[in-house]
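**Student:** Here the structure of chain A is known, so what remains is to put chain B in place on it, guided by the hints.
Protein chains in written order, with our numbering: chain A, 1 to 387; chain B, 1 to 533.
Among the hints, a few may not be true.
Unchecked claim - Okay, derived cross-link-like pairs now, EDC-like style, lysine to aspartate or glutamate, Cα gap no bigger than 20 Å in a straight line: (1) A:Lys30 to B:Asp371; (2) B:Lys366 to A:Glu95; (3) A:Lys52 to B:Glu475; (4) A:Lys123 to B:Glu46; (5) A:Lys30 to B:Asp41; (6) A:Lys123 to B:Asp41; (7) A:Lys60 to B:Glu475; (8) A:Lys123 to B:Asp371; (9) B:Lys470 to A:Asp138.
Hints in this document: simulated from the structure, not taken from any laboratory.
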Amino acid sequence: MKKQIKRVSVFLLTAGLGAALFLLLAYAGKGTSGPFESLFSSLNSGIVTIEKQILNIQQKRLNSMNVFVKERDNTQWLKSPDFTLYGVYDDLTAETYEPVIQLEDSLKTKFPLIQIYTAWGSKREQVFPFLRVQAIYDLGSIPVVTWEPWLNDFDPQRYNWIKESEDPNKNGLSAIARGDFDNYIDNWAGAAARFGHPLFLRLGHEMNDPYRYPWGPQNNDPKDFIAAWRHIVERFRFAGANNVIWIWSPHPGYLDFDMYYPGDNYVDWIGLTALNYGTVATWSRWWTFREVVNESYTILSEYSKPIMISELGSLNVGGERDLWFGDALKLIHGEYSAVKAVLFFHVNSDITVTYKSLDWSFKGDSSVISEIKKNLKSVEFINEIVQ
Amino acid sequence: MKGNRHNYWQFRESASISDTSRFITGVLVSCGVLSVASLFDWWFREVHIGNITLYLILSVILWWGLFRLTIQWISYLKIKKPEIKPAPKDLKVAIFTTSSPGEPLSMFEKTLEACNNITYPHTTYLLDDTRDPEFTRVAEKHNAVWLELVDIPGAKAGKINEALKRVKEDFILILDPDHIPFPCFLDKVLGFFEDSKVGYVQVSQAYYNQHLSFTARGAAEQTYNFYGPTQMSLYGFNSSVAIGANCTFRRAALESAGGHGVGLAEDLVTAIRIHAKGWKSIYSPVIVSRGLVPEELGSFSKQQLKWARGVHEVLFDELPANRKGLSFWQRLSYFTIGTYYLNGLTLFLFIIIPYLFIWFGVLPAKMNFIDFIIRWLPVGISGLAIYLYVQRWLCHPEQERGIHWRGMVLKFASWPVYLLGFLLSLFNREIPYIPTAKKAVRGFSPYIYAIIFQQLLFLLTLVVVVIKRKYFTQEASMALSSGFVWGMVAFASIPVVISTGAIYAAFESLRIKTKEPWADVDLNKISCDEKTD
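So here's chain A without its partners, still in its complex pose (with noise of 0.2 Å):
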């Protein structure tokens, strides 16, 4: 009996000692994987730039583009362009820019600037997609990065709100204002640092939008809002990523603008969406662009800050898609002349509003081409970047 009993603990304390030896190795692995991480996006950028250097790469399109890229890296410049930048989203860019290209081509232009999207979260790819603007940058545009508050793709061990609360996005921005989540914050604070050219970031768009994100006032008090997104804004000028333009970009629908507001020192530009859903669901009708931000505009043109079309879109269900875009052109460039940029929105395939997928994208259609093509304003500014 006294032999088994030691043969049993024996063998316990061998296999336990051996577990507590593989979960060392396992957490070990787990604190390093942030740091590795930005080893190997490092890595990465470096492989780009010594495979530019010495494959010796013709960088065409940023050559193409000198009058613009000469202005770029002007941060003051930035903040108050004197021609009208023209951007697009296209979904259809995970691995290549080339949908972007084929667009401009066919619209016989250069974007000034491409949008990306990225969500909040501890997982690989919600971490500063250093690559992706870099990879915008050695284009020869402006990367404009809408980076959303989603705050339940959090690892609960590692941030203590997301372990607290059943549902991390209810009073989620307090959180953020509180510095829950600067870990992450100054994670991506230190890489826009480090990527160091000026750089768009549209933080928690369609704040004042009940029924679309959790960062909405369902979830959260106004003041939140204000005070999470001031919060962000000092650590990142605290971090040295004082080359982030930061787009306030509050929804068109409801004018309650200014409980959001978070002040001119922490607002470089406002951003407006302009989406035309046509008659695609029982809310919705053909609204012209006038309908969609003539209110919104007279009340954010106030603001003194230079407004963006963040996205301009509209379905082909309803109504004539070509004259709305040459109808939005040419009011951008006539009546509204805050607006300094205009971001089209591009996306083959958008499910975060119905439950069907919807295609906001024109490339094929080549009326919306050429009404496009026709009214965009700054055509000295492309002809001299074209030639």
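**Tutor:** Relative to chain A, chain B alone:
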């Protein structure tokens, strides 16, 4: 005497197994097994599947390798060292060594003289088919009985079986002619036969020429752990294997198995049959003889091909036939030995995966590189820790310890040989019996051309990638694809860099001086003292 610098000619035995060392092994093995389990859990996830066929192939070969490794780790828990007993008096013992045409006479001078120096009373027999009267003379000079055994089918094993019929001794030590036995050889092994269930006693196979070339060093490195902790743990499961040289058989055991097995893996076959008849076997980790390891790449590859082909024979024929008599662990250990050379296939796939991506854009698995590294590192770290820790049971740790990178280089360069061996077995094609070259022969191993082809393919791929990237890649996808493409090129370069060592070995083999290493061995300096230096 040149070899003395390496302290070759001294009796040695591996360290005994203390409770502490067994405990530490247990801790490391538990850690290793958990690491493998965690990698397993992560590997088989649907999101990781790329090309489904390739994913399955990759999974099977990777997990087959890790399964073998895990079995080996677990078997270390049973590591056991038999206590040497004094040899009983008046046993009738024969020593068999065989000679074939072309083998150098001077080597037999040395071996037979050393056999004559063995202190326990015995008779040495030279099983000869050279038809050369000089061999008769040398045998007689050293008190060996010369047996002329010409035109007997079955090569070495055939001669042994024929000689068994002609001699009467109860115990037979089979000694390869390149092995120089120490005087105490029989004194160290015969004691084990007091247990009447013991069918054979195998001792360590050690070498005295491994310092002479890169190939010799690498080839020897591949065997160190096997003749130390690996065989000791097989012994723990009563499934230690006979490996031809340095094995002493009980005649009754050999006869019950129908004589010595014939074929390319004759020793393994003999061991399986003897185990299947219910005999016990002993593995004693002692160095009581030293022999030769191939000094140049050609002979090394020939030897490996012979084993690869032979071992598969065991897997396909011998193991199923003798299944009934074997214990679970015996079956498992013979099965893992029988599939060792499948790693030709493993290495081949490891080599071609990056090329499949670079040339055809096919990927077997979609895994985050960092996730993979984080899951793999605990397996790698515990594997290395176990490998190094069990080296305390090497027979000659001062000389044999290390990470054995030369052995790894030769292994990476041997995939064409292993693969050929596997294919020959699969289609049941024969290779002629090739005695392992006893003396280094000059020449370029034919198998090295496959490695040179591999290197050229890599260079060509590199050129193609550069041209493709510079002239045929869309500007808009350059930055996003750069890291991955060059990562794959780096992956492809790993086996290329490693096998560069083998190309060095091949060139060294061209320059190697044909010499007779046994000429320098001074039999009077062999020491059987218990004390170690």
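**Student:** Next, verify each hint and record whether it holds.
**Tutor:** We went through each hint and held it up to the structure:
Among the hinted pairs, Lys30 of chain A with Asp371 of chain B is consistent with the structure: their alpha-carbon atoms are about 9 Å apart, no more than 20 Å. Only pairs whose Cα atoms come within 20 Å are accepted, and Lys366 of chain B paired with Glu95 of chain A is accepted, the gap being roughly 14 Å. In summary, the hint linking Lys52 of chain A to Glu475 of chain B is supported, as the alpha carbons are separated by about 11 Å, within the 20 Å threshold. A hinted pair counts as satisfied when its Cα atoms are at most 20 Å apart, and Lys123 of chain A with Glu46 of chain B qualifies at roughly 18 Å.
Restraint check for Lys30 of chain A and Asp41 of chain B: the C-alpha separation of about 16 Å stays at or below 20 Å, so the hint holds. Taking the CA atoms of Lys123 of chain A and Asp41 of chain B, the gap is near 19 Å; set against the 20 Å cutoff, the hint holds. Restraint check: the Cα-Cα separation between Lys60 of chain A and Glu475 of chain B comes to about 8 Å, which is no more than 20 Å; the hinted pair holds. Taken as a hint, the Lys123 of chain A and Asp371 of chain B pair is honoured in the structure, with Cα atoms around 11 Å apart against an allowance of 20 Å.
Between the alpha carbons of Lys470 of chain B and Asp138 of chain A the distance comes to roughly 15 Å, so the proposed pair stays at or under 20 Å and holds.
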